[in-house]
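Student: Sequence:
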Amino acid sequence: MMRRSILLGCLLAAGLAGCGPRFETVASYFPPVSEAGKLCVAQCKQAQTICQSAKELAIQTCRAEATTRAQGEYQAYLRTLPKDADKKKIKTFSDFDRNPSCYSNLTCSSDYNDCYKSCGGRIEAQTYCVGNCKEMVPPMPDGSAVGPRTTL
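All residue numbers for the sequence shown refer to my numbering, where the first residue is 413 and numbers rise by one.
It is possible that part of the hints are untrue.
As the list claims (entries may be wrong) - Heads up, simulated DSS-like pairs for lysine-lysine below, C-alpha to C-alpha not over 27 Å straight-line:
| id | residue 1 | residue 2 |
| --- | --- | --- |
| 1 | 457 | 467 |
| 2 | 450 | 467 |
| 3 | 467 | 546 |
| 4 | 501 | 450 |
| 5 | 501 | 457 |
Claimed, not checked - Restraint-style ranges between C-beta atoms, simulated for each label pair:
| id | residue 1 | residue 2 | range |
| --- | --- | --- | --- |
| 6 | 442 | 546 | 42 to 48 Å |
| 7 | 481 | 550 | 17 to 23 Å |
| 8 | 517 | 490 | 35 to 41 Å |
| 9 | 556 | 532 | 52 to 58 Å |
Read the hints as simulated data drawn from the structure, not as lab findings. Virtual Cβ for every residue (Gly too), placed ideally from N, Cα, C.
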């Protein structure tokens, strides 16, 4: 009976792990033909690099501020403890170090795409089925292109 429960649990987990086909969209970039367009795209790339650095800096700053805030709260807590406090009941720094959901609303990729297109470049996207494609109707092999190629 125990083996049957384990086997049933394993089959259920395996079935849930493979729920439906998985898709991935790949973008292809076609640069402008003119020298001015190519120079423009180089400036877009430079702006994207700066944007990504600013985005990462914003996230790191958020995390650093959260750690500093947690350290302050922890030190304040320690000062409230009586000198003969029970060591087993004392909170640790990790009790105050909340994992903040730091993010940046900078849209570096879409800004780059807009810039790239404004320089005369073209971006096309193609979606592929990358896993469990046999579950599609009709069944397809993994790696198959799905739907039309689109211009972004």
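Student: Holds or violated: residue 501 with residue 457, Cα cutoff 27 Å?
Tutor: violated, 54 Å
Student: For residue 457 and residue 467, compute the direct alpha-carbon distance and say whether it is at most 27 Å.
Tutor: holds, 15 Å
Student: When you take the CB atoms of residue 556 and residue 532, is the distance between them in 52 to 58 Å?
Tutor: violated, 32 Å
Student: Please test the hint of 42 to 48 Å on the beta carbon pair from residue 442 and residue 546.
Tutor: violated, 33 Å
Student: Does the alpha-carbon distance linking residue 501 and residue 450 stay inside the 27 Å limit?
Tutor: violated, 65 Å
Student: Starting from residue 450, check that the Cα of residue 467 is at most 27 Å away, please.
Tutor: Given that 27 Å is the threshold and the Cα spacing comes to 25 Å, the pair holds.
Student: Can you confirm whether the C-alpha distance between residue 467 and residue 546 stays at or below 27 Å?
Tutor: Roughly 39 Å separates the two Cα atoms, so the pair is violated.
Student: Has the hinted range 35 to 41 Å been met by the Cβ atoms of residue 517 and residue 490?
Tutor: holds, 36 Å
Student: In this structure, is the beta-carbon distance linking residue 481 and residue 550 contained in 17 to 23 Å?
Tutor: Since residue 481 and residue 550 have Cβ atoms about 56 Å apart, the given range 17 to 23 Å is violated.
Taken one by one, the earlier hints fail for this structure at numbers 3, 4, 5, 6, 7, 9, listed in ascending order.
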